[in-house]
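A.B. asks: Respectively, the protein sequence lines represent chains A and B.
155 is the number that this note's numbering gives to position 155 of the first sequence; each next residue is one higher, with no gaps.
The number in this note's numbering is simply the position in the second sequence, starting from 1, with 381 added.
Simulated from the structure, these hints should not be mistaken for laboratory data.
Since the structure is predicted, the reported quantities are computational estimates derived from the model, not experimental observations.
Any given hint could turn out to be false.
Unchecked claim - Looking from chain A toward chain B, a few residues come up when the C-beta cut is under 10 Å (computed):
hint, residue
1, Ala356
2, Ala359
3, Arg376
Glycine included, every Cβ here is placed at the ideal spot set by N, Cα and C.
Okay, here's what each chain looks like letter by letter:
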Amino acid sequence: MNESLLRDLVPAVIGVLVRRGADFASAEDAVQEALVRALETWPKDPPRDEKAWLVTVAWHRFLDAARAETSRRGREVTVRDEPPAGPVPATDDTLRLYFLCAHPSLPPASAVALTLRAVGGLTTRQIATAYLVPEATMAQRISRAKRRIAGQRLDQPGDLGTVLRVLYLVFNEGYGGDVDLAAEAIRLTRHVAASTDEPEVAGLLALMLLHHARRASRTGPGGRLVPLAEQDRSRWDTALIAEGVAILQAALARDRLGEYQAQAAIAALHADAPSTAETDWVQIAEWYDELLGLTDSPLVRLNRAVAVGEADGPRAGLAALADVDRDLPRYPAVAAYLHERAGDRERAADLYAAAARAAVSVPERDHLTRQAARVRQLLQP
Amino acid sequence: MKYLLLKHYRGGPTPVVDYPPMDQWTPADVDAHIQYMRDFATRLEETGEYVDGRALAPGGAFVRYDGPGRAPVTDGPFAETKDLIAGWMIIDVESWDRAVELAGELSAAPGVGGEPIHEWLEVRPLLTDHLTTTE
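For reference, chain B alone in the conformation it holds in the complex (with noise of 0.2 Å):
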């Protein structure tokens, strides 16, 4: 089963540490929650659960349709959304149980002087695109 990691700049619920942005952090701090990142994705790698995972610039715009003829209309970039994703990561595992468990780990990724964030991850299941037949 696939699910997707949804890693958020802003938005979930309440953060249950206030940490500052990655920039006041001390560079060595920095290295470490990068590493923690790669190591994530390489241990997943490994064990045969990692399928894609991509960052997203935080820029960009919402855009519509505006009738026929008319360019799309956009709306954005927000200073302030609500709600800004980071990046997203694919994994293949054998339950939502696991899937939880490895978002649980990458919620642990350390931040200022080391310690875990405690970030809200967003969990998703992805849908298959073909019948499963079961009879």
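The following block holds chain A by itself, in its conformation from the complex (with noise of 0.2 Å):
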């Protein structure tokens, strides 16, 4: 069975169930009941029609649903029971989805789960499994979620800037479990550019396809971590690179640029560079001062000096580090290196010391706890 046909076809199915009439949440708890109830039945007996079916089941999940509800209430069933499907073409309304699901007024957390389950048409326990929690919670998360937006309309324009936001904390979360979220993020934002004509959503799957580029050669046997100037640069994906560097290409192009451009543009760099020491530092330092003065992010300003470093030498990084955040979990990994190659071995030392104490994951306090170490041989004498 090909769980990503199945996937790919639950917002529409939500989409239908809504046109006819239902709520956009009890449409799409109904719509999460007939996917569970396909990965179950489908490998054994596959439909003919696989939407058609999908739809059936979820519809008849939510007149079961709407009549408990209202026999408790003790009124009639007022939902019709098959109305025709309307007008509207199916890919808008999955574009509303989006929009809905990355509603403002949720936290983040939420917004991740109900994009995840509404429009990527994941499992509560896949989720759940994906972000370490209970399927238990993972399912009042979505259920709180839904009812925090109960009121807003489906056909009202959304904030796409919210939607990438959310796109991206999934694509950054990597492995989970059982599902590559990752390479989710990419499938969901491939949808989202095919309905917008935004170069800031282009920029995004632009940025998302060249750093899943690189993904084979950044952990190493046993998951430790390689950084970039270690990577195994023939293990990129080429063909991933050359489609991040044409869709990036074509949204700069548009001239309106953005963070994402931005982000992607440099990614780009690193990704057409044959090595660190080949890599066009002083096109990547210019790139983040269009990013400071895009998002004055405290995280570009730290990766700013890293650029300005290998671009101007470890004096100029370690001025720009002067006006950094020292509260950044990674700011004291970035002087480390930066001193190092100052020619500051000892303080270099006792910050990636410091920098693994500050780390907020096992293979970064892993890496830089194997720098200090690595640093602390130098200095032996």
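Work from the hints to combine the two standalone chains into their complex.
C.D. replies: Now the structure itself:
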């Protein structure tokens, strides 16, 4: 069974139910139940028309739930049994679902969960496993999110910016359980890109493709982190890089720069270089300046210091670091790197050890501990 | 029966081997130690005894209620607290003896020069949250 095909159908089926008069929250629940049923029964008993099967099963689930609800309240069922589908095209429906699921009133973790279920077509269990929380917790998170947006109409224009942020959050989560969230984020971003005409969507898609192309080389034996400078560039996925660069160039040609396009431009310059030494750091530093103008983010400021250090030498990098918020978890790691390059090994070793204590992931912590150990070795007489 | 294996950065009985912090080992020793921990978890998955485990960052703080309408009081982080938990692993094993055997193996993780670190691990039985009828 092709699970990704099944997942593709989910938002369209929710759209059908909503057009038939179901409210979004109930429609989404009904489709989730149909999806779980499909995953159980399709491998042995595949339907002839997958979408029709899902619509029928979901619609019956919806009617059953609505009847149970109305009889609980002692009222008549008012929804019609088989109203015709409306004339709204399916693509538009899906885009509106993205807006709703990433509604600005939702906390990011809730928007991510709801997006993965309602437009991503993942089961609650898969999402729960990917984010290491109990299934009941994830189910509640999604229910609460739907209650919070209950008053929102599906036909209102939404905020594309929050949709992109949610997709980028999913992408950065990487692998979790049996679901490849990065691949899932790319699939969803492709959908949004196909139904909008906004250079930033293309920018985000390009950024994801360019990062994804390097994924295999980013992890070594035993899950250890391999930094950019040591990555085996022959393992980079050249087809993905070519696709990402082409998408980015088309987006940049529209002359409406945004943060995702700028980040993708930096990723493209890395992807284009045969080694760190042959990387066009001057241009990368210029892109960081652009990015800083667009976002004024502390993290961008930190990464810019690295680029300046490569372009103009470690002293310039350390000078750039003076403007950076020292409370950022990665600050000591960048400071360690720049001090080592500037020749101050003692300070670098202490900073690497501090960076390991501030690390937010196990691979990063282990990598920084190794760096501290390596520099201390160099200090031995 | 489930047991919690607690690894401490600091705390517990006096260390048997006085080893320096990991950033003062050689990179090869660091690698060997990390690999040993990973292999241990993988082996327990294979024997069906591994349940869960996570590493903890050294930061954080103590927090307590400070009365109605008041923000909670925080204390810490402490640079030199006596006891600091580094991580935990939950195992599901036949007996206390097996839990002790496994904790002993984990404590044999290599340190400087590949010598076992002999670190103290705390082993604590988990209470079940359901009644078991025995009559």
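A.B. asks: If a hint holds in the structure, say so; if it does not, say that too.
C.D. replies: Results for each hint:
{"no.": "1", "hint": "Ala356", "result": "holds, 7 Å"}
{"no.": "2", "hint": "Ala359", "result": "holds, 7 Å"}
{"no.": "3", "hint": "Arg376", "result": "holds, 6 Å"}
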